[in-house]
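**Q** Below, each chain spelled out in residue letters.
Protein chains: 2
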Amino acid sequence: MDVVETASALLIGNELLTGKVKDENLHVLATTLRSLGIQLRAALVVPDVPETLVTEIDRLRRSTDLVVTSGGVGPTHDDVTMQAVADAFGEPLVENTEIRALLERVYGERLTEGHLRMALVPRSARVVITNDVPWPTVVVQNVWIMPGVPQLFRMKLMALRSQVRGPVSFHSQAVYTKLDEGVLKPLLDAVVSEHPKVEVGSYPKWFDDRYSTKLTFDATSVAELHAAVKHFLELLPDGEPQWQE
Amino acid sequence: MDVVETASALLIGNELLTGKVKDENLHVLATTLRSLGIQLRAALVVPDVPETLVTEIDRLRRSTDLVVTSGGVGPTHDDVTMQAVADAFGEPLVENTEIRALLERVYGERLTEGHLRMALVPRSARVVITNDVPWPTVVVQNVWIMPGVPQLFRMKLMALRSQVRGPVSFHSQAVYTKLDEGVLKPLLDAVVSEHPKVEVGSYPKWFDDRYSTKLTFDATSVAELHAAVKHFLELLPDGEPQWQE
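Keeping their order, the protein sequence lines are chains Y and Z.
For the first sequence, our numbering assigns the number 1 to the initial residue and increments by one for each residue that follows.
For the second sequence, our numbering assigns the number 1 to the initial residue and increments by one for each residue that follows.
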């Protein structure tokens, strides 16, 4: 099990930038990494432009411990991710015998040159196969190459889960209130300044009668988390309705 | 009406990277820009870290004609977008009299110092108010500063629509087939090489009995679009089922 602290995501595909397809993968990736105690530092959505991919993969693999790419894998002309990862690491693409054997088993006599392109991986790639995820997931050093199809992306996240985790656990609590952010600002400023290790978020909700603002408190220490929430609740005006989750 | 060719998006907020909130704005922005004939070149999802925002806003405003930011506007400590845009342009924040007057009207006697923070904008900002969108939208040169709350983001996109458009119109056609990408690859390669001005996308669909692959064809010329689709259909095996949209 690798311990990694930070991660980044590269979501690849013209279809995400033209609105043809709505991304479904960032949210599930963010939730998964959070539950593993890994900080997702940034996500980029980029078109199928090889030079852009090479530049961004190279930058992200150096700036974060783990990179997850989504999309652009497959046999057609717009599937440029494998080549881009290879270029980012300065490696050629080579045929992977495990993947080739799998493709031969799956496609049998219908196997084409097109299908075989899916067996090409960067030379130093390793192939992760687990009991839960028999389909191979291609990993090059710290870059996990995932398909864009949401069902497959989610399946391969299970392989990721089996191999990496973060150094900490995040603990969270939410408080809902009918006060608006203009009123809450001085209260939050006091909490933020006294509890620097607790991350405090404030999210206004519009067009909802139940509450006006959701406050979130996040920390790696449960004690610090509870102290910050307690401090905030003490600052609320007497009798002001609030509920927690 | 400003004519702009390229755009980028900056989606701001820790909540998008921790999975607390699922982004809803990129897809509606992508669709809107596409319908205006504007190319969305990239989208970045970043945390509420001022230095990161300043760096990225500065980079994006120089590399694309139009930048749309989402999130991080409001009165609380985690609302750092206005200051970051000001810093990216090397300007101070100043109070905007129109926004101040609006806040006084809306909040009346309940107005706090917190609310008044929402009247602070970069010095060269202009405020867009239209008949459809009476709430002001803050624009600094080519950077449109939008709220993250999806209902408000969508409302303010109407203001954007009233002020900018692209130099062209995009035309699209989709073809659905039961063939898989491995089989389609040589057909698509032929179409892509003969119709370089037509963008061809190939999207496998899993777990769906109706079709296996969706092909998309996009062009700024209707004639070129139709020629590419016609060429692709001619290359399909005789009698192979397909349908178009």
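Since the hints were derived computationally from the structure, they do not count as laboratory data.
Some hints here could point you the wrong way.
Sample of chain Z residues facing chain Y (criterion: CB under 10 Å; computed from the structure) [said to hold, decoys possible]:
id : residue
1  : 50
2  : 108
3  : 141
4  : 178
Pair by pair, the computed Cβ-Cβ distance ranges are [claimed, not checked]:
id : chain 1 : residue 1 : chain 2 : residue 2 : range
5  : Y       : 127       : Z       : 163       : 49 to 57 Å
6  : Y       : 207       : Z       : 98        : 49 to 57 Å
7  : Z       : 126       : Y       : 171       : 39 to 47 Å
8  : Y       : 98        : Z       : 193       : 45 to 53 Å
9  : Z       : 233       : Y       : 127       : 47 to 55 Å
10 : Y       : 206       : Z       : 221       : 55 to 63 Å
11 : Z       : 104       : Y       : 235       : 21 to 29 Å
Beta carbons are placed, not taken as given, at the ideal position from N, Cα and C, and that holds for glycine.
**Q** Going back to the hint list, which numbers does this structure go against?
**A** Violated hints (numbers, rising): 1, 2, 3, 4, 6, 8, 9, 10; every other hint is consistent with the structure.
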